[in-house]
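Whenever a hint applies, use it, and build me the whole structure from the sequences.
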Amino acid sequence: MTDTDTDASPPTSNSSRVLIIVAAMVAVLLVGAAGGMLLAMSRSNDVTPGPDSVDVGFAQDMRVHHLQAVTMAGIERDRTDDGELRRLAFDIESTQLAQASEMAGWLTVWGRQSLPDPGAGHMEWMSQGGTHEHTDALGQTTTGAVDRMPGMATSQELDQLRAATGRELDVLFLQLMLRHHQGGLQMAEYGAQHASAGYVRNLAKKIVSSQVSEVNLLTDMLTRRGAQPLPPA
Amino acid sequence: MASGTKSKGTTKPKSKNGAKGRSRSSAGRPTRPKPWGTIAAVLAVVLLAGGVFTYAFLEINEKEQWVASEENPDPSENIDGVKREKYESGQHVTGAQRVAYDQSPPFGGPHDQAWAACSGVVYDTAVRTENMVHSLEHGSVWIAYNPDQVKGGDLDKLKGKVEGQPYMMMSPWPGLDKPISLQSWGHQLKLDKADDTRIDEFIRSLRENQYQNPEPGGRCDVDGTGFDPANPPPFVAEPPGDDAVKMDGTGAVDESAQEMQGQQVPPPATEGTAPPASEQPPAASGTGAPPPSQ
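Chains as they are written, first to last, in the numbering used here: chain Y, 1 to 233; chain D, 1001 to 1294.
Nothing false has been slipped in among the hints.
Under 8 Å between C-beta atoms, here's a sample of chain Y residues computed to sit facing chain D:
(1) Ala-23
(2) Ala-33
(3) Val-64
(4) Gln-68
Distance windows between CB atoms, simulated:
(5) Y/Tyr-199 x D/Asp-1242: 55 to 61 Å
(6) D/Glu-1062 x Y/Lys-206: 33 to 39 Å
(7) Y/Asp-220 x D/Asp-1102: 51 to 57 Å
(8) Y/Leu-19 x D/Gly-1051: 17 to 23 Å
(9) Y/Asp-91 x D/Glu-1064: 35 to 41 Å
(10) D/Asn-1061 x Y/Gln-140: 33 to 39 Å
(11) D/Gly-1051 x Y/Thr-143: 27 to 33 Å
(12) D/Lys-1193 x Y/Arg-225: 47 to 53 Å
(13) D/Glu-1070 x Y/Glu-133: 35 to 41 Å
(14) Y/Tyr-199 x D/Thr-1054: 32 to 38 Å
(15) D/Asp-1195 x Y/Asn-216: 42 to 48 Å
(16) Y/Arg-148 x D/Pro-1174: 26 to 32 Å
(17) D/Pro-1174 x Y/Asp-91: 39 to 45 Å
Just so you know, these hints were derived from the structure itself, not from any lab. Backbone N, C-alpha and C define an ideal beta-carbon position, used for all residues, glycine too.
If you want it as structure tokens, here you go:
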């Protein structure tokens, strides 16, 4: 730059060089900008995780997972005759609803969809470009998207829960919630390790620790009622 | 960087005393022939860079153009065929009342106090409209379909977007004038095919949209509200009578809506037209009332 300025030759002779320099600069800028934009899609900087990041995938899918726990706990809280279970259901319902709302807030601030793409499946953000495996609700291992996340109840199971009463209701609730908690651990553990934002990893860790201890509690409550956990499938 | 250096290199050999300074070499030769090769090379590099940039821009734009934000409060404006209406929110009717809706299926207006469950629920039978409209107010998207036209694989395709997905619900709408109709509060899109890409675009744009929905974040669960998703109040095909609540809220229960007619809360039970929603026969399960089985 400097020697072009100081040498100050007749402008006409320089025009093609100026053109080349400007064009080269434009090209470099464009490629650089494109590279940066593409990089930002899968990586996350401190401020805004990209649309394909672990943070966004975790928040979207964990919202779906949590909101079903909220639905199941709401049914139990509303209909059980057992004070101990009503208290537990209320605890799960309010905790997971608050966490789902917190994650919705992150997604809004990040400028991302608050829920996963319709019909696109879940958990693909856990595959690390096809090298990391996870399972679906039926225990099938994959590196791609799954239709139903582990632990998620089917619509039929939810209908059964709504139709049940008394001991049958309590046992089915405990069974479904136990399986739901265990199924969510895979995602929470992955999020706790791989999310880029500290507050995302922190919530994921809290989900892991609280659900591990609740898994023990739910198992214990099932045993006391003389019932068995559901198979994972 | 590399591209810049390269194009410079091709120019250089043409200058007489190339070993010395570059600017001096070109100094005295204003009539030098145009370096077409260089120009072409530069052009190619710029075009390539432009292509890369455009690809990156479009890729990102596709991901982000459907996300609602302060700058883009209604991403559905980019979707062809969306019908829009402005509706007053918060006007409630009782389970015995009906609303004279202005659209079919409706996508806003007065509605039942009890919302329909919208936590990823697929209703196999048509559900009372007044309950469905309330769920739209909470930010859900309702997929209605003509049960005579949408079946088999197409039906499954639609169910796959709804089942277990928060803020989604789906039900047949007998006599629908198109195979499929999507509703969000104040928005409707009628479609012919279940594989139309606009279905996903509509859902992305409007589900839980904080700018278009009057009560975003409202619950989709219905426990204790009197609405039973296993036994929902049925759709009523006959057009509502003269006693129906008007679209402007005339006759609605809501405090904010009416001063003059607000008193007639328990209206004379309209004979035969609408079965009272919240008082269904306790078939599968009781809701708020004493449980039927002991």
